[in-house]
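Trainee: For reference, the chains in residue letters:
There are 4 protein chains.
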Amino acid sequence: MGWFENSLMARKGVAGGAAGAKHAITIADQGAFHYVYGPYADPVIEVEPGAVVSVETHDAFEGKITKESDVPSQILNFPFLNPQTGPIFVKGAEKGDALAVRILSIRPRGPQPVGTTCLIPEFGGLVGTGNTAMLNAPLPEKVKKIRVDEQGVYWSDTLTLPYEPFIGTIGTSPEIEAISSLQPDYYGGNMDLPDVGPGAIIYLPVNKAGGYLYLGDCHAIQGDGELCGVALEMPATVELQVDLIKGHGNAWPQLETEEAMMFIGSARPLEDASRIAYRELVRWVAAETGQSEADAYMLLTMCGKVRLGNMVDPKYSVGASIAKKYLK
Amino acid sequence: MGWFENSLMARKGVAGGAAGAKHAITIADQGAFHYVYGPYADPVIEVEPGAVVSVETHDAFEGKITKESDVPSQILNFPFLNPQTGPIFVKGAEKGDALAVRILSIRPRGPQPVGTTCLIPEFGGLVGTGNTAMLNAPLPEKVKKIRVDEQGVYWSDTLTLPYEPFIGTIGTSPEIEAISSLQPDYYGGNMDLPDVGPGAIIYLPVNKAGGYLYLGDCHAIQGDGELCGVALEMPATVELQVDLIKGHGNAWPQLETEEAMMFIGSARPLEDASRIAYRELVRWVAAETGQSEADAYMLLTMCGKVRLGNMVDPKYSVGASIAKKYLK
Amino acid sequence: MGWFENSLMARKGVAGGAAGAKHAITIADQGAFHYVYGPYADPVIEVEPGAVVSVETHDAFEGKITKESDVPSQILNFPFLNPQTGPIFVKGAEKGDALAVRILSIRPRGPQPVGTTCLIPEFGGLVGTGNTAMLNAPLPEKVKKIRVDEQGVYWSDTLTLPYEPFIGTIGTSPEIEAISSLQPDYYGGNMDLPDVGPGAIIYLPVNKAGGYLYLGDCHAIQGDGELCGVALEMPATVELQVDLIKGHGNAWPQLETEEAMMFIGSARPLEDASRIAYRELVRWVAAETGQSEADAYMLLTMCGKVRLGNMVDPKYSVGASIAKKYLK
Amino acid sequence: MGWFENSLMARKGVAGGAAGAKHAITIADQGAFHYVYGPYADPVIEVEPGAVVSVETHDAFEGKITKESDVPSQILNFPFLNPQTGPIFVKGAEKGDALAVRILSIRPRGPQPVGTTCLIPEFGGLVGTGNTAMLNAPLPEKVKKIRVDEQGVYWSDTLTLPYEPFIGTIGTSPEIEAISSLQPDYYGGNMDLPDVGPGAIIYLPVNKAGGYLYLGDCHAIQGDGELCGVALEMPATVELQVDLIKGHGNAWPQLETEEAMMFIGSARPLEDASRIAYRELVRWVAAETGQSEADAYMLLTMCGKVRLGNMVDPKYSVGASIAKKYLK
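Residue numbers (this note's numbering), protein chains in the order written: chain V, 16 to 343; chain D, 16 to 343; chain U, 16 to 343; chain B, 16 to 343.
Just chain V, with the same shape it has in the complex (with noise of 0.2 Å):
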């Protein structure tokens, strides 16, 4: 037996785990694609928990930079950036509860080279933003397409990356807000944390009826931090489970994988990102392992990891974990 069938999604699932019916999404499907994580779209689909779904997503340029010669700034029209598919209406989902959604696979969709990164104007980590305001001139901008498949990312004739899909922004709407596709917060959203890919599962909370799951911004692999302010972007076909815990009452996007469990923080500064993953994590550890608060915090001054999803989006992402075999 493997370490699913020990999943909290398991465990607790309103499906406990099991694979139920098939549904797809296809572009075609979708029509509209949406900007913003809210509750004011019509459901593309609504399942039942349990639901396998396959779901096609664009990349965060929506398609639209095909060649090295295209100006990223002549194309991209803010605030239509980073479509999302969805949003998923899960049965039964109610404020409090959480949809488990668990990663099946992350396959490259459409002709090579099917990966783009670039260098947007004002966008990035080590560059003036529109936050981070500075009177410097921006960088000249600049695109790479590159080669993606299953086995390899192909930077060069002489470098070839792993390919390590993950997907980059998923979540659930707002109870009444309508949030940028572009920003991460407690719901989910732009994250940008590699951890997010197959074999993870991740909870996110539900604060509307139907939960409403959306997702996109698939990328065939990135560093820590999004560094220069997008990874490798690409279409994708996305396979999920998903599947509803009720009453499970995260605040923020919680994530399990074999070896570790993990909570999600977006913030500015970096640091409140950081507290804010943190403290879930203090918090779960000393609920599951029967520890006061204060044990667990120094528990995890020993112990804990930190992953940084984003350092470029309009709040930064990231992940503290606790691998499993140190819970008891």
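These are calculated hints, taken from the structure and not from any lab test.
One or more hints might be untrue.
Intra- or inter-copy, both count: the list cannot distinguish identical chains.
DSS-like mimics (lysine-lysine), calculated; alpha carbons at most 30 Å apart, straight line [claimed, not checked]:
#, residue 1, residue 2
1, K157, K27
2, K79, K340
3, K261, K340
4, K320, K339
Using the hints provided, position chains D, U and B relative to the given structure of chain V.
Mentor: Below, chains D, U and B without anything else, positioned relative to chain V:
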């Protein structure tokens, strides 16, 4: 002739600064209040540029904290906080324009003690919060009800503070986002900047047709930073004169008084809010005076002024200004 | 009787606010200048509480930028920047006391144009720096030499700014650290706060015997934030009256004027500087007025004032103050 | 041939990576410990490049917390914290060079339980501090003494954590500053980065003749961020091989292991620490591989790794690295 005749509003407004038709929005007219700044609500009223509008606002607690023994955390129901009157649709307003909103008067409304301040758990400048997540226990909750009239704020038997009213939350709608009225941003919102008071004109970027002007959250007096998380909150009647400047193109709110021109930035950390405000001001001074950006930058290192709005909201707000007499 | 007779300095100082012996430190007396605030230097002079000291200071560039064609990065030699006069040993000063330093006058010193401002690569509020590390190219360097006298600052043929001098850098020595004079901190240092001008009294924590008072870096005028990284720098002659308050115990610099009492915090990010200043002020107001800390916190949410010193130094500085008339 | 023969140390060191004379510094040899990184102390030993030095270090509490009933705030006497062994004078080292320090071994030293962790008031990642100044009451103080040997860290009867030792504080002297050993900065210091362990080589900028190498503060194990403010602190015996690279010119610490090359930045807020580390790495990758800075920036957006050292010291520390196999 007063300074108003030389204001941007009078010189560039569609109505040329002339007062037009009178309108009123009472609490009853408004009916349901709004808790987000967004385009998904229906306008409560539609006006021509020049309109003079009398608006009744709730306090930030929607009047639910009525006595000093109330416990805020038992009464307040996130995200249904900071109720906003509006939206007001301004005819002819299109993306890229600015609404010019002249504040004519702000009067407290309702039975005494009309003012409320309080300590709310995990909210305020000197306590851990949802973002600056701490393990420390919150401060005890506390409510103070304070008598306010247009002559003063009666803090105690021995101390009367001046009545220095302003609008804590005012702004236009984002194009596709709907953002909590607790947050300030590029469209205005919960800036909590004491300069937004009678006599001032605020220029708010238009992001969607009609502008969609919202307001609420009047304060009888507030210190810089809104230190404990709320000011002296009061229900109010606000009188506004609303004009429209075509193609004004400001990316962030701009504020004009007899003496000074200001830009308002909102971001975290606080230095980013200051950078936004100052960059807008540098560029405006350069354009206005014909100096180079470098010279405007150096001039402001001599005589720029900074006003801290809030250091407690989801984003912090800062106004950077220059005295008009130095614009030569 | 003026306000000074009721100041902390006059009421609590060892010399009771009385002016004592006169001393002078000229550039020649000083000999070698200091670039750190530390205990490892020998005092240039030893004085009794009450001493009136006339001090000649260099400008922050040690007078090396003499003409507008100078290139700062070729002239300035880090870490030998911001030369300080002192240290002045105050007899009787011990750890836990405070030096009370009353600023009597600040006059420009030397040939015209006596004022210098400039753009230095990777330095300033609206550019990438050594800490806020960017890949953008720096702005071009630029020097402006400006005529200054006690009647005004002659920015251009058409614009004269007021002469509003203050001491940019003043403080005591840390106990065992020696910290660059470019940095402000708990002992004072490079706060660049315009309130530190003639008429004000600054109370500086004593960390080692004798206090070791250093000063330098006078400014003819400066905007809030010292936006481009430097103010209008000038060599000056400063007249100070130095007293000693035994056991005053302030952890951070405190400043008193006729109207207000202020505390000064220095940290990054800017909200932390504000938090430090405001927490000191909350506690002082509570102690001074007999109110609870919670009440003082709420009073300051009504009437606290914030002054931004610098947002460009290794730490940022903020003063938080209350009008004395509200202390009842 | 192992990777060490191809390290920067072996290829560029004055001693060419060869082990030279053996030296030892015992607690008795050291005598007085140091609490600042500065040039004002006398070297405890003078060595040639290539020297192998065995160093006894105190724990961060100088061994004063001996039992779980101890109360840290009654024992610890700021600023006399985090005692450092050294300085070691390396012959031939001049400003602009780098010391190459290879960590050969770290062994716990002294009677069991040799490890100490604790909660100290106003210190730690999830509590208010002297900088992030709060009004909340501090958490209760708490001490845990933990048995440690080279096989494990005996957290509880049921949980043994791995022994993963490293040097919490190591660095050279600034040129004229003397900075608390609690702080990390451009010269190293209290980085608390778990990568600084056996097998790694750290390249520390030389700011003054002889370099003045200090070290202390060994940790038996630590999670990312050193969450509660301290790790598992222990007295240790550290064996180092010290070489010298002339003209290496790194502005910030650089670290090499078999697999990766890292730069370490320290600043607040945390994004600035990341920016420093990543900018150094971008420039180094560009120089090393012949790619443009823009290409190196894009490569690191694919495969850069970030390790959080501490988020609790006066500055926070972050290491940014690239796998050596991607350097082609």
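Trainee: Run every hint past the structure and note whether it holds.
Mentor: Verification of the supplied hints:
1. Proximity of K157 and K27 under a CA criterion of 30 Å is satisfied in neither setting, with 47 Å inside one chain copy and 35 Å between copies.
2. With identical chains, the CA atoms of K79 and K340 are never at most 30 Å apart, being 45 Å at best within one copy and 33 Å at best between copies.
3. For the identical chains of this complex, K261 and K340 are intra-copy neighbours only, at 26 Å inside a copy versus 46 Å across copies, given an alpha-carbon limit of 30 Å.
4. In this homomeric assembly, K320 and K339 come within 30 Å of each other (Cα to Cα) both inside a single copy, at 12 Å, and across copies, at 23 Å.
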